[in-house]
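Start from the sequences, fold in the hints, and give me the full structure.
Here the protein sequences come in this chain order: S and E. The opening position of the first sequence corresponds to residue 1 in the UniProt record's numbering, with each subsequent residue numbered one higher. The opening position of the second sequence corresponds to residue 1 in the UniProt record's numbering, with each subsequent residue numbered one higher.
Hints listed in this document are in silico derivations from the structure and should not be mistaken for laboratory results. Nothing here was measured: the structure is a model prediction, and the numbers come from that model. Be aware that a few hints might be false.
No copy is singled out in the list; a pair is fine if it fits within one copy or between any two copies.
[Stated by the list, open to error] Listed below are the simulated DSSO-like cross-link pairs for lysine-lysine, each with C-alpha atoms no more than 30 Å apart in a straight line:
| no. | residue 1 | residue 2 |
| --- | --- | --- |
| 1 | Lys-267 | Lys-212 |
| 2 | Lys-293 | Lys-11 |
| 3 | Lys-27 | Lys-65 |
| 4 | Lys-267 | Lys-11 |
| 5 | Lys-107 | Lys-61 |
| 6 | Lys-107 | Lys-212 |
| 7 | Lys-27 | Lys-102 |
| 8 | Lys-32 | Lys-65 |
| 9 | Lys-267 | Lys-287 |
| 10 | Lys-11 | Lys-107 |
| 11 | Lys-107 | Lys-293 |
| 12 | Lys-61 | Lys-293 |
Protein chains: 2
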Amino acid sequence: MEKGTATPLTKPLRCIVKLGGAAITCKNELEKINEENLRAVSIHLREAMMSGEIVDMDWSKRPEKADVSVDVDGISDQITLESSNFVVVHGAGSFGHFQASKSGAHKGGLDQSLVKAGFVATRISVTSLNLEIVRALAREGIPSVGISPFSGGWTTFQRNVASADVTTVAKTIDSGFIPVLHGDAVLDHSQGCTILSGDVIIRHIAEILKPKYVVFLLLTAVDEEGSWRVVNPAPKSMNEQVEITVAAHDTTGGMVTKISEAAAIAKLGIDVYIVKAATDHSLKALKGEVKGKIPDDWMGTAIRFMRK
Amino acid sequence: MEKGTATPLTKPLRCIVKLGGAAITCKNELEKINEENLRAVSIHLREAMMSGEIVDMDWSKRPEKADVSVDVDGISDQITLESSNFVVVHGAGSFGHFQASKSGAHKGGLDQSLVKAGFVATRISVTSLNLEIVRALAREGIPSVGISPFSGGWTTFQRNVASADVTTVAKTIDSGFIPVLHGDAVLDHSQGCTILSGDVIIRHIAEILKPKYVVFLLLTAVDEEGSWRVVNPAPKSMNEQVEITVAAHDTTGGMVTKISEAAAIAKLGIDVYIVKAATDHSLKALKGEVKGKIPDDWMGTAIRFMRK
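Quick look at the structure:
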């Protein structure tokens, strides 16, 4: 690690939130945002981290309007814009996936024209998604600031994080902003380049900034049929030190992978919640209302380190 | 300086190019790109730094089309995508200016709601311009990669650069890409935040990466009436160590400021050319064709360090 190994925060980090790519984009349409879900998630995030008046912080041109649509002069200093310390990290969904998989940018090899062009194309796609998410959050009054991992000096070695500027993330939080990072195409010291996933970014930031809890907002974390149940104590087949509250009939490989990523975070002593985006359950998780005893009617997956 | 004080490049940096905000945007219309100029400048940049076939590297959705419009499968490994080492830095023009000036984000004071909101709004605006410029360059076959100074850990102290991750800029170049930076809203250690101009970024990168020459592409660097003349040797009123080839009837304060910024770069021993964007003169400057004796018919301003 070149940078960011010791980065104290003035105020502790409350939460890292992952916005799953599939939850905020339309999976089957190239570069299409799921506006409804993104708006709902943005409102939930504001409710979880802020109180008081809503100040629209996206003063850029909107598609339907020729000029600024925000009443900037109405922003008085009576309004306080305090937010608790959150970090947002989002996936790519239908942004970046086509470009990366078509070019093989995740496998490296920048001497190949297709990989090099695909690397450029992938970064264009994921940064355009980041911009749209930052704008959506800013419109809801969240002082969001985009931090692109490539720009922030995140690199990998054999696809593990080799360098990362977590100092900038910490300074951004300390200045009262909400950093918004994303899965990105980055340089890799062994194979030239790769794709750094949002989940790996979260684990790395969690290790250094020690949030109280981490929430993964996914498209389908909960079986709508209500087939989830609380498994307590932890099943012996899982790591014994980690308590997992998990669905009985979870068949998706993606979910298992997600749980093992999350388990690595839980082992740091950080509670992890995996929950369907834009639901009452996700709002509860974001607010930290499932931090202690999990309510009986809460639907989602909780992963916790068991102190012996 | 926390980072990036010694950053060697495998191959020397040939040129840093500033795309003036006024040259690539429409000054009097909020967040409007000057498509014609941007396209012409992109073509010139490609001609100056690359040869061979053009590979479109912007695979994102275009406004007029629902799906990918690039023939990705046609990108064969017979095509070489070598470019000489350039860095592009652009200004803000009609992006960011409204947001920054309306909020006073350049004067700092993040405890004020208006400044905080304006900081968020400014970053949204300038990063959306950066994305458009990266896309325009990528469409012309330039392997451009956006690096946002805020994300790259650029901060200021009393509005001078306090930290900057030039290492990432260097690694990007060494990996065969063209970094595209921009004037940005950044954190300031004395006043909370400020606006870091593209010109200051260029001077800082030039100090560390020592380009052979620097080109400022402006909207109106040349008086169309042809009232420019070569002043040689340098007038006594200027720094005697710097030779300036300057217009006789330059009355713009902006131009004088630009020249003094440029003079600071020239003092590092780096030739600086200030020239009207999207002209034959700017193409000559970008190609380095005015590096030695300046052609009689070349219109622009050259600033050079005179070795005694």
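Hint by hint, here is what the structure shows:
1. Lys-267 <-> Lys-212: within (13 Å within a copy, 51 Å between copies)
2. Lys-293 <-> Lys-11: Intra 25 Å, inter 59 Å, cutoff 30 Å: intra-copy only.
3. Lys-27 <-> Lys-65: Classified as both: same-chain Cα gap 28 Å, cross-chain 18 Å, threshold 30 Å.
4. Lys-267 <-> Lys-11: within (23 Å within a copy, 44 Å between copies)
5. Lys-107 <-> Lys-61: Between copies, since 24 Å is at most 30 Å while 38 Å is not.
6. Lys-107 <-> Lys-212: neither (34 Å within a copy, 35 Å between copies)
7. Lys-27 <-> Lys-102: So Lys-27 and Lys-102 pass the 30 Å test inside one copy only (16 Å; across, 39 Å).
8. Lys-32 <-> Lys-65: both (20 Å within a copy, 13 Å between copies)
9. Lys-267 <-> Lys-287: within (22 Å within a copy, 56 Å between copies)
10. Lys-11 <-> Lys-107: Between copies only: 25 Å across, 39 Å inside.
11. Lys-107 <-> Lys-293: neither (43 Å within a copy, 47 Å between copies)
12. Lys-61 <-> Lys-293: neither (45 Å within a copy, 46 Å between copies)
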